[in-house]
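K.L.:
Sequence:
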Amino acid sequence: MSQKTVLTEIIPVKNGNIFEIVINRPEVHNCVNGETADLLLSAWKKFRDDPDLTVAILRGTGEKSFCAGADLNALNTLMKINGTNDEVRHWIKNSTGPMGGTRVVQRKPVITVSQGYTYAGGLELFCHGHIRIAEKQAMFSVACRRWGVPLADGGTVYLPWLIGPGSALPLIITGQRIRADRAHAIGLVWEVTPKGRGIARARRYAEQICAVPRDALMADLTSAIDGYGRPLEEALETEAKGIYPVVTSESFREGVAGFQNGDRFWFR
Numbered sequence: 562m563s564q565k566t567v568l569t570e571i572i573p574v575k576n577g578n579i580f581e582i583v584i585n586r587p588e589v590h591n592c593v594n595g596e597t598a599d600l601l602l603s604a605w606k607k608f609r610d611d612p613d614l615t616v617a618i619l620r621g622t623g624e625k626s627f628c629a630g631a632d633l634n635a636l637n638t639l640m641k642i643n644g645t646n647d648e649v650r651h652w653i654k655n656s657t658g659p660m661g662g663t664r665v666v667q668r669k670p671v672i673t674v675s676q677g678y679t680y681a682g683g684l685e686l687f688c689h690g691h692i693r694i695a696e697k698q699a700m701f702s703v704a705c706r707r708w709g710v711p712l713a714d715g716g717t718v719y720l721p722w723l724i725g726p727g728s729a730l731p732l733i734i735t736g737q738r739i740r741a742d743r744a745h746a747i748g749l750v751w752e753v754t755p756k757g758r759g760i761a762r763a764r765r766y767a768e769q770i771c772a773v774p775r776d777a778l779m780a781d782l783t784s785a786i787d788g789y790g791r792p793l794e795e796a797l798e799t800e801a802k803g804i805y806p807v808v809t810s811e812s813f814r815e816g817v818a819g820f821q822n823g824d825r826f827w828f829r
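Quick note on numbering: the sequence shown equals residues 562 to 829 in the working numbering.
No incorrect hints appear here.
Simulated pairs of lysine-lysine, DSS-like, Cα-Cα distance not exceeding 30 Å:
1. K575 / K756
2. K802 / K607
3. K756 / K625
4. K669 / K607
5. K607 / K575
6. K669 / K606
7. K697 / K625
8. K575 / K606
9. K565 / K669
10. K802 / K606
11. K565 / K607
12. K669 / K575
13. K669 / K697
Cβ-Cβ distance ranges computed for the label pairs, FRET-style:
14. K606 / M640: 14 to 20 Å
15. E800 / N637: 42 to 48 Å
16. R743 / N634: 25 to 31 Å
17. N578 / R664: 21 to 27 Å
18. L793 / N637: 42 to 48 Å
19. N637 / A796: 40 to 46 Å
20. P806 / R664: 25 to 31 Å
21. L793 / M640: 34 to 40 Å
22. L614 / F828: 16 to 22 Å
Calculated from the structure, these hints are not laboratory results. Backbone N, C-alpha and C define an ideal beta-carbon position, used for all residues, glycine too.
Using the sequences and the hints given, assemble the complete structure.
P.N.:
As structure tokens, this is what we get:
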């Protein structure tokens with residue numbers, strides 16, 4: 562790992578590689594400035610484009626914060642506030658998100674793990690995890706509501722998508738803080754762990770994901786992402802497009818052969 566505001570590490574495991582992305586600004590609760598956003602963007606592009614990277618884990622350093630959002634003392638490094646109309650239109654169409662790569666849609670598994678403050682843009686980053694883990698002391702809030710700062714990294718999309726409007730809208734409107742157990746109850750968090758156990762649990766999930774046949778997993782995840790919100794007929798067609806490439810793949814043949822030979826596996 563290099564000592565930057567974002568650290569990355571490739572962790573080889575059986576049948577795959579875990580790509581760990583770590584926000585490394587604990588002195589400011591892992592808030593994101595321009596440098597951090599650029600490094601996050603680079604990391605997300607690397608994960609998306611490198612076929613040897615199987616699962617990503619996003620976390621923050623220190624004991625207090627996953628990420629407390631954008632660094633409001635460095636907003637000018639995150640986006641051009643007073644752009645021309647043409648610049649604004651270009652940003653809307655082409656920006657990858659102020660917090661770094663948040664408009665880069667990942668179709669490989671992403672795990673996010675929070676051990677503390679998960680606020681504003683940090684909550685948006687957390688929501689980009691397909692599996693979201695929190696230690697029991699973690700806190701979640703659209704905290705930017707207090708200062709008139711909008712959600713700009715997918716929060717208004719991912720929150721209703723993940724937990725439904727009934728839970729998302731009060732969070733967006735009020736900025737109310739909720740603890741990990743409440744976040745778990747409304748579906749924002751998949752699993753709550755004891756303090757200090759979140760990273761180990763995320764890595765355990767990642768190892769097990771690497772262990773299963775790859776092609777079906779990636780096709781099903783892509784179908785779930787691309788088909789969500791579409792009319793039923795279109796969503797079913799999206800699913801169907803991925804079936805034949807899977808059933809003609811080597812991983813499919815190996816998986817079926819494993820079943821026939823008595824292999825059994827449950828995530829745990």
